[in-house]
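S.K.: Assemble the complex: chain A is given as a structure, and chains B, C and D must be docked to it using the hints.
4 protein chains.
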Amino acid sequence: MKNTKIYYKRKIKFKDPIMIVGLPGIGSVGSLVGEYLKNELGAKRFASLYSPHFIHQTLMLKSGYTRLISNRFYYKELKANTLIILLGDTQAGTPEGQYEVNEEIVRFFKHLGGKTIYTIGGYSAGSHYIQNPRVFGVATDKYTKNALSKKGILFGLANGAIWGSAGLIVSFAKKNRIHGACIMGETSVLEIDANAARAVLEVIKSILGVKINLENIDKIKNETDRMIKELEEAQKSVQEGPTRKENFPYIR
Amino acid sequence: MKNTKIYYKRKIKFKDPIMIVGLPGIGSVGSLVGEYLKNELGAKRFASLYSPHFIHQTLMLKSGYTRLISNRFYYKELKANTLIILLGDTQAGTPEGQYEVNEEIVRFFKHLGGKTIYTIGGYSAGSHYIQNPRVFGVATDKYTKNALSKKGILFGLANGAIWGSAGLIVSFAKKNRIHGACIMGETSVLEIDANAARAVLEVIKSILGVKINLENIDKIKNETDRMIKELEEAQKSVQEGPTRKENFPYIR
Amino acid sequence: MKNTKIYYKRKIKFKDPIMIVGLPGIGSVGSLVGEYLKNELGAKRFASLYSPHFIHQTLMLKSGYTRLISNRFYYKELKANTLIILLGDTQAGTPEGQYEVNEEIVRFFKHLGGKTIYTIGGYSAGSHYIQNPRVFGVATDKYTKNALSKKGILFGLANGAIWGSAGLIVSFAKKNRIHGACIMGETSVLEIDANAARAVLEVIKSILGVKINLENIDKIKNETDRMIKELEEAQKSVQEGPTRKENFPYIR
Amino acid sequence: MKNTKIYYKRKIKFKDPIMIVGLPGIGSVGSLVGEYLKNELGAKRFASLYSPHFIHQTLMLKSGYTRLISNRFYYKELKANTLIILLGDTQAGTPEGQYEVNEEIVRFFKHLGGKTIYTIGGYSAGSHYIQNPRVFGVATDKYTKNALSKKGILFGLANGAIWGSAGLIVSFAKKNRIHGACIMGETSVLEIDANAARAVLEVIKSILGVKINLENIDKIKNETDRMIKELEEAQKSVQEGPTRKENFPYIR
Numbered sequence: 003m004k005n006t007k008i009y010y011k012r013k014i015k016f017k018d019p020i021m022i023v024g025l026p027g028i029g030s031v032g033s034l035v036g037e038y039l040k041n042e043l044g045a046k047r048f049a050s051l052y053s054p055h056f057i058h059q060t061l062m063l064k065s066g067y068t069r070l071i072s073n074r075f076y077y078k079e080l081k082a083n084t085l086i087i088l089l090g091d092t093q094a095g096t097p098e099g100q101y102e103v104n105e106e107i108v109r110f111f112k113h114l115g116g117k118t119i120y121t122i123g124g125y126s127a128g129s130h131y132i133q134n135p136r137v138f139g140v141a142t143d144k145y146t147k148n149a150l151s152k153k154g155i156l157f158g159l160a161n162g163a164i165w166g167s168a169g170l171i172v173s174f175a176k177k178n179r180i181h182g183a184c185i186m187g188e189t190s191v192l193e194i195d196a197n198a199a200r201a202v203l204e205v206i207k208s209i210l211g212v213k214i215n216l217e218n219i220d221k222i223k224n225e226t227d228r229m230i231k232e233l234e235e236a237q238k239s240v241q242e243g244p245t246r247k248e249n250f251p252y253i254r
Numbered sequence: 003m004k005n006t007k008i009y010y011k012r013k014i015k016f017k018d019p020i021m022i023v024g025l026p027g028i029g030s031v032g033s034l035v036g037e038y039l040k041n042e043l044g045a046k047r048f049a050s051l052y053s054p055h056f057i058h059q060t061l062m063l064k065s066g067y068t069r070l071i072s073n074r075f076y077y078k079e080l081k082a083n084t085l086i087i088l089l090g091d092t093q094a095g096t097p098e099g100q101y102e103v104n105e106e107i108v109r110f111f112k113h114l115g116g117k118t119i120y121t122i123g124g125y126s127a128g129s130h131y132i133q134n135p136r137v138f139g140v141a142t143d144k145y146t147k148n149a150l151s152k153k154g155i156l157f158g159l160a161n162g163a164i165w166g167s168a169g170l171i172v173s174f175a176k177k178n179r180i181h182g183a184c185i186m187g188e189t190s191v192l193e194i195d196a197n198a199a200r201a202v203l204e205v206i207k208s209i210l211g212v213k214i215n216l217e218n219i220d221k222i223k224n225e226t227d228r229m230i231k232e233l234e235e236a237q238k239s240v241q242e243g244p245t246r247k248e249n250f251p252y253i254r
Numbered sequence: 003m004k005n006t007k008i009y010y011k012r013k014i015k016f017k018d019p020i021m022i023v024g025l026p027g028i029g030s031v032g033s034l035v036g037e038y039l040k041n042e043l044g045a046k047r048f049a050s051l052y053s054p055h056f057i058h059q060t061l062m063l064k065s066g067y068t069r070l071i072s073n074r075f076y077y078k079e080l081k082a083n084t085l086i087i088l089l090g091d092t093q094a095g096t097p098e099g100q101y102e103v104n105e106e107i108v109r110f111f112k113h114l115g116g117k118t119i120y121t122i123g124g125y126s127a128g129s130h131y132i133q134n135p136r137v138f139g140v141a142t143d144k145y146t147k148n149a150l151s152k153k154g155i156l157f158g159l160a161n162g163a164i165w166g167s168a169g170l171i172v173s174f175a176k177k178n179r180i181h182g183a184c185i186m187g188e189t190s191v192l193e194i195d196a197n198a199a200r201a202v203l204e205v206i207k208s209i210l211g212v213k214i215n216l217e218n219i220d221k222i223k224n225e226t227d228r229m230i231k232e233l234e235e236a237q238k239s240v241q242e243g244p245t246r247k248e249n250f251p252y253i254r
Numbered sequence: 003m004k005n006t007k008i009y010y011k012r013k014i015k016f017k018d019p020i021m022i023v024g025l026p027g028i029g030s031v032g033s034l035v036g037e038y039l040k041n042e043l044g045a046k047r048f049a050s051l052y053s054p055h056f057i058h059q060t061l062m063l064k065s066g067y068t069r070l071i072s073n074r075f076y077y078k079e080l081k082a083n084t085l086i087i088l089l090g091d092t093q094a095g096t097p098e099g100q101y102e103v104n105e106e107i108v109r110f111f112k113h114l115g116g117k118t119i120y121t122i123g124g125y126s127a128g129s130h131y132i133q134n135p136r137v138f139g140v141a142t143d144k145y146t147k148n149a150l151s152k153k154g155i156l157f158g159l160a161n162g163a164i165w166g167s168a169g170l171i172v173s174f175a176k177k178n179r180i181h182g183a184c185i186m187g188e189t190s191v192l193e194i195d196a197n198a199a200r201a202v203l204e205v206i207k208s209i210l211g212v213k214i215n216l217e218n219i220d221k222i223k224n225e226t227d228r229m230i231k232e233l234e235e236a237q238k239s240v241q242e243g244p245t246r247k248e249n250f251p252y253i254r
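Chains as they are written, first to last, in the working numbering: chain A, 3 to 254; chain B, 3 to 254; chain C, 3 to 254; chain D, 3 to 254.
The reader is advised that the hints may include incorrect statements.
If chains are identical, the list can't say which one is meant, so a pair holds when it fits in one copy or spans any two.
Simulated pairs of lysine-lysine, DSS-like, Cα-Cα distance not exceeding 30 Å [what the hints assert, rightly or not]:
| hint | residue 1 | residue 2 |
| --- | --- | --- |
| 1 | 64 | 147 |
| 2 | 112 | 13 |
| 3 | 152 | 221 |
| 4 | 7 | 177 |
| 5 | 153 | 64 |
| 6 | 46 | 144 |
| 7 | 153 | 78 |
| 8 | 147 | 81 |
| 9 | 11 | 112 |
| 10 | 64 | 221 |
Worth flagging that the hints you see were computed from the coordinates, not collected in a lab.
Okay, chain A solo, but in the shape it has when bound:
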């Protein structure tokens, strides 16, 4: 029984769609990149995905209305392609749910005539704040790997496993003969790592050939840098103080 469903808000003609997947995950890199792209490019929502494998929550909006937990598809016409951005409140909560939801996402994208998917994630690298994050990649095929390598994405350095949508969507893309890659910003201790997101955005700009103003994310990045610096200096002057985590609850 397929329980995960996608509803159209509006029907659109797509030209060679490319999809960027920006869902919640490590360092919130996926969400940050996806939301930023949507806002800066002015992408519009055209479909929503609902699933009983998402947590059973309804969101209360400031307007006094409600919205069911969902993943949402946005689109923006670029020169040669339609860009699709997938954002969401959550990912499925079980392995079975993850398989169902992510297969449905790829099936839907294929149905729209899609040829390439980039999922965005964070790559966890130790316990120190990363000042100059690298961008790692894994891809479904040689063509995609080569194209992304030229943009400065590092292949063959990341290892281990990717959890959830960022990995499964790439796996299901491969099965469906869609070009796919997971693009990961190097991150570490931060719950919301604007610095890692910024590094990924730089690369995405180049891949899509679009202009994106990075001023807003620069502000967050600079504020984070300053905060981390203060924190590190405070730590130096302490002999037997509490742990970093206890002092700064917004840091994991």
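M.R.: Positioned in the frame of chain A, the structure of chains B, C and D alone reads:
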């Protein structure tokens, strides 16, 4: 596979049914309001919902008989509408179960010709006992929001997420073009908050245009108020005593 | 999708079958009673139930062979009825599994022409060893309740909820118009309470009108009584000793 | 709904296939034996099994590509039989998933004309390192038990339950009239017990009638022996030191 089933105890003709959903949840506000309405209005049971997503328990009754864990539908003829009250021992225990059970509840209500659903819940507000609880709301549409605003329900102040039936039923109502709202009594530390329930009952009386004697719930409310006061005074005289929670296990 | 399956080992003609359900549970009362009856009456296995909702284990037998975790049906011809005894290694591990397995058990028994089911369980009563356990009951109907009351089973005293098969089978019996009751021996701290089981066996003997030699269970009961007595005396002479549980790991 | 699927990489003609199942488990004995056989015999992959009951992970490969978590079938032509080796990253994470995946494995093997399955596992035996591990077995039938006994496998000594694939595959083999046995190397404290794996490999060599060079696993075994010896001597000289586990995190 749909496993959740509703059995009729008796078949009834409904006129423009309105449903109040009073299921277990925060501060037991939903259950308290639903049970109180059922008892004061003398509503009769006409259907029961069973689901394998409920906990696998059978209740032992004082009569020496048994009853399977369930949700139960009651009805009462009002002037212009049939009032339906949904009560229950429990809610579904998984996200998948929550989606199935709540979709089935809305489908059933729609099948009966229903037009409006109000779910009742508690809105968790800090860690101090709320002497004069406010009543918050979120709605599916402008019409419902305006109608309830006039009754003193506050829209746009509640934020965050509603867990379970109180939220999902409103979401599924919207999808089925049924007017819906979640009406929440402000509550905090109490497991069973008669005060929050009383505040919601005042509003419900006005919405339904029925007379409901609030004497019985006033007694519980006054007893709670007195108890909390004693507790607070006891706390003042203690320097290094145990926490409120340890002393008064009936308070969360 | 129904995944739970029952396989016949041999096909038998049943006359007005009565079923005793003795599955693992509180104080192991169900298992003890069921196994004892099977052994003393020389009942033979005729069917086995397998389910993916049971734990994923295969048992290693002393013979060097294996057996998949299961529930097993035994039969014994009595004067007027065929007695069916249901035993098992385990119960289903989720609510959904419990509903599926127990519905299948009742459906199967109905298919065999069954009219009456007694499930056996332990009724948890405080934290002291019960020297003279009472036998409590809950039933589906007046007829069954009256019949069992005459045998000394106490109705209307047990309250709360019955977990799992002992309760769900009675609930599903009722739905299928099969007479049903849950018969519970009073128990407390013991993991395996031969005393509670003995009390239930006395009643079952009378209900079925069969002779059952209780000597073997008497031995276990007497040994338990002696052990508990020693334990209590040891406890008296200790001021700051370890808890009962730590000293005697076979006691919960 | 069957969600577990097997995809062929290449179609092969099999002659009386025998399958060795080497999946992750106690002491990694199954994985070690399976991987070693595959490498030493030069077995080639011909099919892969994917399941939503596996953890929702995608592996990042050194090549810069990805691979979905899976179980994989390899084959090698022997004199009289085709040897099939089943390896995998993981086992299913729930009882329901275990039943589905293992039934599918046996169904697939039967479809290939398979007659005999040996699953490999570790048999947990106390908390001391086993210098000279024994090899235990349980089988589906007398024929298989006798044949394996002659190879030095000990029957009737192992007891308790086998978790997961190593047990369920033997159970489902029996149901499908396929000869089956679980062959277990005696193991204890090691996460990866090359010594137990070596003992099993000696027996497998003899069962399959193939030459396998054990030099490589001998090296690992000797290194482990040396390490354990050092550890034990270190322990002797310590009065109030940390536990073995804390000192040597690679030992369970």
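S.K.: Next step is simple, just say for each hint if it's right about the structure.
M.R.: Verification of the supplied hints:
no. : hint      : verdict
1   : 64 x 147  : between (43 Å within a copy, 13 Å between copies)
2   : 112 x 13  : both (15 Å within a copy, 28 Å between copies)
3   : 152 x 221 : within (28 Å within a copy, 43 Å between copies)
4   : 7 x 177   : both (21 Å within a copy, 13 Å between copies)
5   : 153 x 64  : between (41 Å within a copy, 19 Å between copies)
6   : 46 x 144  : between (32 Å within a copy, 23 Å between copies)
7   : 153 x 78  : within (22 Å within a copy, 43 Å between copies)
8   : 147 x 81  : within (23 Å within a copy, 43 Å between copies)
9   : 11 x 112  : both (18 Å within a copy, 23 Å between copies)
10  : 64 x 221  : within (26 Å within a copy, 36 Å between copies)
Of the hints listed earlier, there is not a single one the structure fails to meet.
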